[in-house]
Every structure is written in C-alpha cells, then in structure tokens.
Amino acid sequence: MSVAKSIPHDSGPAHVSGEARYVDDYPMPANCVHLAFGLSEKSHADFTLDLAAVRAAEGVIEVLVAADLPAKNDVSPTPDPEPMLAEARVHYIGQPMFLVVADSHLNARRAARLGKVDYSEKTPLVTIDQAMAAGSRFGEAVTYSIGNAETALAAAPHRISGEMEIGGQEHFYLEGQAAFALPEEGDVRVVSSTQHPTEIQHKVAEALDKPFHAVRVETRRMGGGFGGKESQGNALAVSCAVVALRLNRPAKMRYDRDDDMVITGKRHDFRIKYEAGFGPDGKIESVIFEHFVRCGWALDLSHPVADRAMLHADNAYHLPNAKIMSHRLRTNTQSATAYRGFGGPQGIVGIERVIEDIAEALGLDPLAVRQANFYAPKGDLTPYHMEVEDSISTELVAQLAETSSYAARRVEIAEFNARSPIIKRGLSLVPVKFGISFTLTFLNQAGALVHVYADGSVQLNHGGTEMGQGLNTKVAQVAAQVFGLGVEAVKITATDTGKVPNTSATAASSGADLNGMACKDACERIKARLVEFAAEKWGGEAIFSDGQVQVGEHSMSFAELVTDAYMARISLSATGFYKTPKLQWDRVTGKGRPFLYFAYGAAVSEVELDTLSGENRILRTDILHDVGNSLNPALDIGQVEGAFVQGAGWLTIEELRWAEDGRLLTAAPATYKIPCASDIPDQLNVALWDGANLEKTIYRSKAVGEPPFVHGVSVLMALRDAVKAAGGDTGFDAPATAERLLMAMQS
Amino acid sequence: MVEFVLNGEMMQADDASMTLLDFVRLERGLTGTKEGCNEGDCGACTVQVASMEDGELVHRAVNSCILLLGQMQGKSVTTVEALGGDHPVQEAMVEHHGSQCGFCTPGIVMSLAAAHIEGRQDHADVLAGNLCRCTGYAPILRAAEAVAAQPVPQGPDEAALLEGISGAGFTELDEFADWYVKNPDAVLVGGATEVGLVLTKELKQPEKFAFLNQITALQNIEHEIGGMRIGAGVLLARVRGAMVGKYPQFAEMLRRFGSVQVRNSATIGGNIANGSPIADTPPALIALETSVTLRKGSARREILLEDFYLSYGVQDRAEGEFVESIFIPEQGDTLGVYKISKRFDQDISALCGGFNIAVSDGIVTKARIAFGGMAATPKRAKAVEAALIGQPWNEETIATAQAAFAEDYTPMSDQRGSAAYRMILVQNLLKRFYLEQTGTGRVRVVGGIS
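Those protein sequences? They're chains X and Y, same order as listed. First residue of the first sequence: 1, per this note's numbering; consecutive thereafter. First residue of the second sequence: 1, per this note's numbering; consecutive thereafter.
A couple of the hints might just be wrong.
[Unchecked claim] Below are the BS3-like pairs computed for lysine-lysine, each with C-alpha atoms no more than 27 angstroms apart in a straight line:
#1 X:Lys283 with X:Lys724
#2 Y:Lys182 with Y:Lys204
#3 X:Lys579 with X:Lys591
#4 Y:Lys246 with Y:Lys182
#5 X:Lys591 with X:Lys273
#6 Y:Lys201 with X:Lys116
#7 Y:Lys296 with Y:Lys182
#8 Y:Lys431 with X:Lys724
#9 X:Lys116 with Y:Lys204
I should point out that these hints are in silico values taken from the structure, not numbers from a laboratory.
Could you build the full structure based on these sequences and the hints that come with them?
In structure tokens:
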C-alpha cells in the first residue's frame, strides 16, 4: 500500500538542506533585469506623474506607466476590470502606479520611491459604515433563505440579537510574491510562485495580446500560499513577461515584505448582524444574518468569498428557518482576496456567536446548545436547500467530548475560577462542517499527465501546485498505489501549463481530491494497457504489488514488464481527467448542491486569561478531525495542526488596522504578529476520525486544507468563556487581542 | 576590506555595508538562506556566526538580513549548505514532518543547530525568532526534542581558521573615541538591528560607518564595588545571563526581548542610545537607578539614565559622544518588570516597565517606577512614587497610587494599544506587582517567577 501511509513530504530533505528552490533562488542569466512598482501614497485621488527622478536614478533601465503596456492593463481574476498600473486615478494606498526596470532588485526598489506625484484627493471610503452610507458596492445585496425566517423569529419563545466585527488576516506566506520571465523567440516562459499557473498564463497572454499557447507557466513550489497566491501573483508575472519581451531580457520581480503587505489583498473582514429565535432547550427555530463584507478597491474573488460565508452561516447546525443577506462593499483599501477558508470561517464565527449568545441567555452549557442543533445524519436541508447526507457531528463531538474529558474539566475550571480572582480559565468545544467543492461549478475539473519510462520509473504531472501542503506527495502515492510501486519510483515535476492545460487554482482544499483522481485515471489507463499486454503474452490477470507483477504463474518486476511492453510498442503515457460529480448550484437563487460532501471536525480549547492585562494563553487543545480515509495521516495531521494555529492567530493576536485615510498601519512583521512557537497550546492533541468518505472520492479520503482552520474558533469561544467567568462583557469583537479582552472586562 | 570565514572558506569583501544575506545569496550563490521579511522579524535568513568571546569559541544564531559585512570581521559564518543535509537537526526535521512549504526551514534548522551546540532545551524560546506559517510549530518542537540528546557533529576547526585573520577595523576603545570626535557624522553600528533597517527598509545609504563589535573594552560585565558595570557593546543575550541571578524579573523580560537572533546581535548600548520610547531595557534600568557613562574623546561624564532622555528622539548626547557603559548600583532585588505586547515573544511592547519598590515593616521605603510606551521617552512615574513612599503597603495605598499615574503619563494611541488601554494596564500592573509581593496565587499567565 502506498496510500494511507505517513510518508514524509517529498521535498523534506531538500527543504532542510536548503536545496529546495523557490522563484528567487533560480540562477538567472547575467542580463536579467529587476522590477519594482511605484506605489500610491493616497487612497483615493486623481494623479499625474513626474518620473524624471526615477528614470535618472542609479541602475534604472526604463520606467513604464499604464500607457506603455502593449495590450491589456488588467490582472483581474474575473471579467471585472483590475488595472495592473493605475490609470489617472488611484483607489488605495499601495496601488501600483508605475513599473521600474533596473539592473538590481535594490536599485529598482530605491528608484520606485522617487516618483513625484501630483494628487488631487477625493474623500476615501475606508470603513464598512462609510461604504454603506455611500452605497459603494459590488453588485446588489445577495439573499439566501429557507422557510420563513421573519415569521418563525416572531413566533419563537426566546430571541437574541447582536452584531460582531470580525477582522481580516494577512497571509504572511514566508516567501513573498515572486515571478520571473524568460523571452523565448517571441513567446515567453514564466516561473511564478502561484497557486494558479493557468490564470497567470491567461493574464500574461492577454497582456501581450498573444494566444495562450505562446505562454508557458511553471511553478515548482511556493513558500506558502494560503490563498494569497491565487490571484495576487498576476501583477508580478505580467510585469515580468511584458518587460522580458519588450527588452528581450530575462526579468524578475519580487515584493519586499513591507511592499507585499501594502500591495496585496488579505482575508475579508466582516461585520455580522444577527437575530435568532429559539426554544427553551436552545433549539434554533430561526436565524437572520446580515453580512457586511469589506472587499476593498477591486472585485477580485469577493463574490465567491462572500457566497461561501453565506454557505457556512449554518456551520454544523440545522436552521429550519433562515435568511442570510450579504453586502459586498467597495472601499479604498487593498482588494481583499482568497484566504484559507475563503469566507467560510467568517460565516461560521457568526453562527457560533449566535450559539454562545443563546447559551448565555438560557444559562446552558454552550456544548448542550450545539448538540441540540446538529444536523441529523441525513435528510435535513441547509439554508441553500442542499440535503445533508453525511453528518457525523453528533457522534464525532460525543467522542471528542469523551476523549478530552470535557465534562470533568468544566467542573475543574469552575472550581479553579472560584478560587482564582485574577487568572480565569475558559473552555469551549466548537465543531466544523465545511463544504467541499468550488462553488463555481466549472472549476471542479482536473487533468494529469503520466509517463512510464522504459526503465519502470514514473514521471507525473498534474494541474495542482505544491505550496507546502504535500499535494505532490499525496498524488505520487496515488500513482504508486495504482502501479503497486513504492512512492520513490514516482517523480513529480514542476506544475507546467505546457504539460497539463486549463487547470483550476489549487484552492478550495480541492488539490488532492481533483488531481489525485485525474492522476488515478491516467495511471489506470496505462495500467489497463499493461494488463492487456500481459494477458496476451502470458495469459491471466496481472497483479501489481511491491514493485512486482504477477501474471498467472509468471512473475516479474514492474520494470521488466514495462520494458517488454515498450518493446511490444505499447503506449506508456496517458493523460487523465476528473470532474466532480453531482454538483448543481445556482448562486443567484441560492439553491442546489454546491458541494459534493462535507468535512467535519471539532476542537476543544482551554485558555487562561489574566484579568489585569488581558494577556492569555492556550493551555490545551484537543482536535478530532475528519479526513475520510486518510491518504497520508502525517501530512493530514500537519494540515490540521497548522490550520488550527493559523485560525487561532486570526482570532487572537493577528490584527489589521487601517488609519482613517486608508493607510495600513500594520504593514510589517514588526506590527502584524502571527503566532510564534510559544503561542501554541502547551498540550495539542490531534486525532483523525475513523470513517470513510461516503462519496467516491480518491480512496474515500476527504479534503483537508481549509476545514481545520475553523478549529481556531474554539480559542475565541474559550476566551469568551473566561471573560464570562470574570464577569466581563462577552460581546467583544475579533480578533480578541489582549486589549479587547481587557476592555471587555472593564464593565 | 572585511575578512571573515564562510562555511570554512576565507572571504574578503569590500562593501562593509552590504548585508550578510545579500552577500551569501547574491555574491556566493548560497540560496539556501532565505529572505522572508528583510527586517529581522521572521528568521528565514538565520545563519550561525562563531567568534571568540573571552577566549572561547561561541556559536550564535543571527539574522543575516540585517547584519552588515562590517560586523563579520574576524568571524566565522555557517549557512545551511554547510550542514551537509545529514545533520541530526536536519534528519529530525524530516522525520517529524517539520517542514511544509519549506521556506522558513533553513532558518529553523540553523536556529536549532546553534541551540544544539549549546545543549539548550528551551525550544520555544530558541524558535521565538523563526516564524513558520504552515506547521503551527508542533512538529518542529517535536524535532527539537528528539535531537536534543544526540551528539553535536564535528564541523571545521573554526578557531584555527579565525586565527588566520589579522585585525581590521576598530579594536581599541581609545582609538575609536578619538576618531569619533573627528567623525561625529558616522553611523555607529553595534548589532545593526536598528541600522540594518535603515538600509533595507528606508533604503538609505549612510556615508560613514563605525563598527564597534571588535572593541572588546566595550564588552565587559564587571562587578565593581557598589554595583555592576556593563559595557555598551555587551550583547543582550549576555545581559540576560548576567541578570538571571540578580534581577530575575529583568532576566525574564529579556527572555522575551526580540528573539534569540536579535539578542545575539543587539547590544545594551544600542538599545539605550537609540532613544526609542518603547525600548525595553531603559524602564527597568531606570527603576534600578542606573547611570550611564558618556564618553567624548578622553572625557567621560556619568549621568542618571533617566536624565539621558530629553524628549522624543532627543538624548543628552553631544556630537562625537557615545555611550560607553552603564552602571547598576548594588541593591536588593525588589524589582518587578512587566512587558505587555500583542504577542508574548518577539513583539514590540505596548508598554514595558519596572517597579522597584521596597517595603520595610509594612511601610514603603523605596519606590522607583519607570515605563516605556507611556510617554515620548522612557519615563519615571514620580507622582506614583510619591503616593507610595512612606505609606503602608496595602490595597488602599495601591488604589491611591494607581490614580496618580494620570499625573505622570498621557499615553498616545497607536496600533500597539489605545491610550485608555495603556492607562488601565499601567494601573493594573501596579496591582499585579502588589499581588505578586503579597499574594499567594498566580497573577500572570506567562513568565511568572515562582
């Protein structure tokens, strides 16, 4: 068996030795030029440029403005325009206005600051309130509903209502955005740190007014993506390609960290207003949500992000009557973009807040309210009218409550709090149910290209990209499994639009689901030819196992079979393809089946809070997470642990702040703090749920990239529990910084 | 001309203001060392630097992105490439799935390898300066634990290599002092954790540098009669060591100051002289009644540290004058030090301060309190001190004294904390100090001294 094994990441040895190569590490030809953007200092203004000082600066070769671009000035991932270089008007502080081409990275950066810009300022719209008041939106408000939420709310025995702000999040991939382009006889080859090579190919081709086939894009690996490299790398790749063909020289561009934080989009921040009606047992009868989504200056992926937030407004709970409204607001800030969970976590925080408010109103343990509302194993409808067929929340949460000694620790914590006046502890168990599939249905397709060489070694390409999640390792395991080989017999090379075309972004947790299946398809095609060949030659059915092939009485190595097949002129290369079945979704009406299945899990976190300072620590977290039949338990646990810490960071210490004029104040690691080693729980116990995917996914596994990010919500709610124990106001916003918590306890 | 050893090979470089990171990546093609933030916050660029300290070869993990080649004179640098791929740390990282995207990994490997030489067990502290966005650290900490017991592999004989380097740059204090009087426009480089950012972020190129790190006369910690003298060039890592037995709460604060890499580069003199209102060492030092010796040419003067800070960005330092040493008078340990920041480790403080309060027979006999982050300079809370001294050490006195903070401080709001938050905090921290001195229960969630 090659699947279901804890094989280390295929790049592990290269990572630790420093040999693993990222975009900035490739040796470049000597005449390579380096690029940097000149950035807007105003968030909303018309402007004119005087670039004489930039052009005169040391090492500068040339400076381009929008009018100098050969064709389209657009890096949008949607049909909605997003100019790469501002044309006459800027819309946020950090927007690229001109492109410096210089002989070194440092000279390009230095020159980029020398532009003299005459701004004619307009009033910026920075906040949700400002955008709402000005009617500054992307499209009309969207509403999904089921039942009659208003009527049921009015009829409910109990009601709560409230409002909460949920902050955004900087991706902080350790490798900043980077790309380079090599001119190739009028065509161009681009190497990009991107989750979406095909989109880079398309944007580059449009910018050069060339057919897609003239552009080849390659991605070996990213130093982290998390959604931040789904569309945000377009501008760098396009710039490099334009300059490379213009000068007939290689061109490289990478953002310095602070530029990266100022230029690129982040997780959408939300305001969620809510009203809920419920029974005396906490059973929800009706919920009305209103999502206010700050999208920034350009549309980017905001519609599907905001949609997914709506699609997760139920989390694991059956809402018989529900109405969810969503306002997508255009502001003079960075264009918010994809980030792990893609709106889902924000939607989930909304309903978890409702659950907590209900529990507080009724004086119940929040876990009891959660359990009272879980979807039945099958048959319940979501607010978007999809039947849930695979709910395991009830059993999974029961198991986790048991293994984490939830009930006993509840009692211990109450006792601790009774005798500890300054330090208070809190505990919370929060479940997750996360929908798997791109909600833009056509994206749910993938291709793979598999070559078996005459020596029996296998080379594999698929449309997914490696950003650390171990996708290549998992897909190699799939190929090895089909051929009965060890995983070392399979080599995966860089993702390449020249090998697998028309791919979707590696996003929506879909990487292994889609590309694993496409790979399996390709491998099985080759295997079928080998089986047929073997049957003809030796008679009997070929069995592939441990690098050997058994055909009746005849036994040989895989390599021997392959060599024989080659001599017999059997094709040993195949493409594979997969499309996700059963999907049918109408995002306008909010009805249908956007997801093939759901991934489940739950986390229990215990925290300790200093009521004098708001400082806090996570003492222990227990997670039970559903990955179906795991393709690789070690990699899956790695995803769960990493996602949890990232989710906890989002809701606690990671705070994005903008000044009134739209300037990002937390635009460097000195002011924006992601978790470090000492921030993780003293005790972190992660276990995988034992159960197969009911759907026929790749070896019945489930997607794992995004769902465990939601486990961080358990930390937020445990802090709420501690604030409650301190007699504070539990209606605080996220992130729950020490300041927010201390202020909540001043009441 | 700078001479140093890189991965066992002798190097000569002309541009002393080039960063070590640019040198290894651009000049030497050693791309294993990564640029993650270019400001000393993420640790992806971590390398190991060995040098002779008091006759012993000491290995330190440092951030190469904000180290200047001028600081490397006479030192031996090891990058990830030289570990060979089979170092126990590297093998443990693979085995425990400690890398995902791999970009932070070389820096993490170098931090763990340096800690491994020292036999350190405080793995989370060792890694405070290495950010990882993928793993959530758990597997990295497992790898660190697994490797701790394994023997340290033998590297090249760095001590012998270093002997082959003849001195260059300032080594004699008097010589430097005279030179600086004549060249007062030079930028003084101690650890470059501040100056480095002037180059990498402000993109300024100062004309003249003076690298102080070879002047051993600035690097002494001396126990004199009446107190402890610390040379301006002493690394914060060593200051921490000196404080452990003496003022443990100060040492605990220093544990959270920057990161291992920062404390291995930054000097106490730099943290004091740079005059930041949120520098972490001055408040505790002021509470300890520390004085500072300033030197110009051969002339010296000694003033109280609190008097060194005149106003925002302005210190009592004449042209051509520099901080030579500080002196902490001998006293019993009655010091409480509190650092409040959004993240516990490696974060700039919202506020940081020290309470040096002695109580005798239930009456407060001494109170020196100072905070950073509460005013334009590190500043004493004299009204609070006055409200305490001579008063009974009880909750009533604390309540009165808490209110007096409003006379001492008018903090500002910024991204690290609002004015209101800072004021509540500083008042609550006096209460914390009181409870720590008098109570029995734990009153902080991290770093409490038992």
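Going through the hints against the structure:
no., hint, in the structure
1, X:Lys283 with X:Lys724, "22 angstroms, holds"
2, Y:Lys182 with Y:Lys204, "23 angstroms, holds"
3, X:Lys579 with X:Lys591, "21 angstroms, holds"
4, Y:Lys246 with Y:Lys182, "39 angstroms, violated"
5, X:Lys591 with X:Lys273, "23 angstroms, holds"
6, Y:Lys201 with X:Lys116, "20 angstroms, holds"
7, Y:Lys296 with Y:Lys182, "10 angstroms, holds"
8, Y:Lys431 with X:Lys724, "22 angstroms, holds"
9, X:Lys116 with Y:Lys204, "18 angstroms, holds"
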